[in-house]
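Participant: One-letter residues, chain by chain:
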Amino acid sequence: MQRKAAVVENPSPPSKLSLPIATSICWDCKSEHGGSYYCQQCVKIQPLSKEGDYFEYFGVPRLFNLDLDQLESRYYMLSRKFHPDFYGNKSAVEQSISLGNSAVLNTAYQTLKNQDQRVQYLLELEAGAWKTTQTTLSEGLFDELMEIQDTITSFKQASDPHRKKTSMSCDHDQLYASKTLLEEKHNALSSRLQALSLKWDHLVLVKSSISDQIKVQYDMDREAILIQIRNIVSDQSYITRVLTDINTLISTT
Amino acid sequence: MTKIIGIDLGTTNSLISYMDGNRPRVIPNAKGQVIVPSIVSFLETGYVVGDLAKEQLIKNTARTVYSIKRFMGLALQDLRHELRYFPYTLAEQKGIVTVQIGSTEFTPSEISSMILKELKKSAEDFFGEPITQAVITVPAYFNDAQRQATKDAGRIAGLHVTRIVNEPTAASLAYGLQNKQQGLVAVYDLGGGTFDISILKLREGIFEVLATNGNTHLGGDDFDRKIVQVMAKDIQDQFDLDVTKYIVLIQSMRVAAEAAKCHLTSNETTSISLPLPEGKGTYTRDLHRSEFEVLIKALVMDTVVRCQFALSDAGISASEIDDVVLVGGATRTPLVQQMVEKTFKRIPHTDLNPDEVVALGAAVQGGILAGEVQDMLLLDITPLSLGIEGLGGTVNSLIRRNTTIPTQAKEVYTTSTDNQTAVVIHVLQGERELSRDNRSLAQFHLPLPPAPAGFPRIEVNFIIDANGILNVAARDIQTGQSKAIEVKPSYGLTEEAIDEMIQDSIKFSEADIAERLTIEARNEMDALETSTVKILTEEKGVLEEGERNQIEQALKNLREARDESDYRILRKSNNELNNATKHLAEIAMDHQLKAALENKTITEIVS
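As given, the protein sequences belong to chains C and F, one line each in that order.
Just add 70 to wherever you are in the first sequence, counting from 1, and you've got the working numbering.
Just add 4 to wherever you are in the second sequence, counting from 1, and you've got the working numbering.
Hints may contain errors.
[To be verified] Here are some, though not all, of the chain C residues that point toward chain F, as calculated from beta-carbon distances under 7 Å:
1) Asp139
2) Tyr146
3) His153
4) Pro154
5) Gly158
6) Ser172
7) Ala173
8) Asn176
[Unchecked claim] A short list of chain F residues far from chain C (calculated; beta carbon distances all over 12 Å):
9) Ile8
10) Lys284
11) Glu524
None of these hints come from the bench; they were simulated from the model.
Every residue gets a Cβ at the ideal spot worked out from N, C-alpha and C, and that includes glycine.
This is chain C alone, in the form it adopts within the complex:
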């Protein structure tokens, strides 16, 4: 039997969207607008910067745990600025900027609102030199998952109607036991992730009060947390995949 390589690709973040590159010069009247949403001279809407990150759009720090209520309020406020509904009587260029800005804003909000997507996006944003290195499954989990994979395979064979039925019930119990085990593991990882994310958030919030002496240590701590979080996310995504397999099997047999 060919075994699946136990290497998980680096979770890919949502792709950045392309907008006309925002400059500090108004596209229409060519005056300086200082990076605001509207030109101070001619009041025309300006395209959002391609370089800006989603946290920046909403004016919130790069935290794993966000105040969702505040995020929603800002999203609504920005929607009132950009939505195509308010540009019906404007020029074609303004309409297309409004469409583009709204589309970016909506994607940004969806990404930050959703816990899993937010974690992945933040990991990608903050990734340092380790960005391109591949994630490997944590020790112990690899062997456990292989065992469970064997259970799944034998269950599939046993439930195949063309085969002679042998010790079916035993496999069934094993399957449920594997499911419970994986769910527990997933939950344990979630708790660890939560603890680490709070630690990260704390570091981000105290950043301004960090003295130069401990700056090096601070950066090392930050990176260590991120790498741990990335490994947890990777482990979890593998577990989720196996769990989905098990759930499909249970619901179809």
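Once you've looked at the hints, dock chain F against the given chain C.
Facilitator: Showing chain F alone in chain C's frame:
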């Protein structure tokens, strides 16, 4: 500021509305009715719409088109399970289903445009000025092709469709304006032919749609059909008559079924009576509400399951919903109300008129777009996932369902062989894994510069606009140049076809107007003739000989001109006679004045 009116283009009925200051109102037609049946009937002299067409359902069955909305944006093969239920002939032209009337084929967009024109005319009569811009509603679960077909219908009718809005969200605007409630709202919209469920969050004037689900082929029509099936079986068993051979009978059965269904809303039992062809006598049957409910149970359950899907996509539980709003005529069905109550564990909100609320919401959205309504904003979503066909016929998903619109996604394309000059991109919409199970939206060739394999980099942007309609743009990453891509819709009308239809429609409407004016001039002529003859016989020597001769000559000319078809000729003779009788009319006025003084009424003298 240009007026932007709202239109609910429904399966069964259509309405038009406007913003009267801060209040949306429906616009009545010349007869004072606000509901126009979505029916078009083709007569010898032209077509009629609405109530006049409804009268033709049984008289002129094969040439009377109802429920056209079910066919919008579809191909014949999408309808194979329904075809036998429709008494008019359906055909197909270039992948679009058409209705065949005599030797002419009409697309669903064209038939719909006739309904839109009727509504537009009511609004123009109401305001006394031309109407050019409209917001038209569609079921939330309509796909891209169905939305596009609706937009096309507007264009053919001479309307610039400023926005396509989802029906349940439109309803929520009208609801929100009236109730000012904040929180989570579920809109359950069961119309004549379509079902939608939308879950919304209302906060600070923002109407944010969280999730939507639906079935574009489930509505009151299907309830009727269940009753028709029972009747057909009865008639087969009792009278040995195969009803499918008689289209007029099927139509009568459908009309009777609809009436029975409506009667069962407030009554426990109803009776159906129907004369049969071939001297077979009359079919009669009693139908109890409980029997009817057994018939429609599975259909109602389908809506309940979709409510649960929508809740789960929105990530909330039924008990978190603050209010449930019922929309669409079919929500009057007691079983539907019970099931909704059970699903959301609360009594649904029924203050709003389920027939009007969507049209009213469309007017509100029109007001937002025109800048008349300042504080409200609708953030809607795309109901279906959008993807690209990948290797082996799989779907590579780009935009997930229930994503807030506008939204965009991009993909970078390159070549796999040297000097390859194009790649084929197949855009799909739907939730299925394999491309063949999803709706094909468009297919296009992306031209690439000849270069070694893997070298060109063309970024293709897929943008879903605020109408929920897909737009495609491409850019060569190396040169930064934008590329024009011609996206050929897999289903739907080409630009040329629409232009042709607009031309036809203008030609027809010119002919229509001329015909209307002719009829009006002839009516005036007849009235003029009657009154002149009457006065001539009653004037008792007031007129001088010469004047009398003049009038008689003008009257003779008028009678001769009566069969002219050009309204200008008719008007000319009307004017001639009017001028000739001017003096006489003054005398008659004097008489009337005297009579009035003698306590006689004017009508007593003239009539």
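Participant: Please go over all the hints and tell whether each is borne out by the structure.
Facilitator: Results for each hint:
{"no.": "1", "hint": "Asp139", "verdict": "violated (10 Å)"}
{"no.": "2", "hint": "Tyr146", "verdict": "holds (5 Å)"}
{"no.": "3", "hint": "His153", "verdict": "holds (6 Å)"}
{"no.": "4", "hint": "Pro154", "verdict": "holds (5 Å)"}
{"no.": "5", "hint": "Gly158", "verdict": "holds (5 Å)"}
{"no.": "6", "hint": "Ser172", "verdict": "holds (5 Å)"}
{"no.": "7", "hint": "Ala173", "verdict": "holds (4 Å)"}
{"no.": "8", "hint": "Asn176", "verdict": "holds (4 Å)"}
{"no.": "9", "hint": "Ile8", "verdict": "violated (8 Å)"}
{"no.": "10", "hint": "Lys284", "verdict": "holds (52 Å)"}
{"no.": "11", "hint": "Glu524", "verdict": "holds (37 Å)"}
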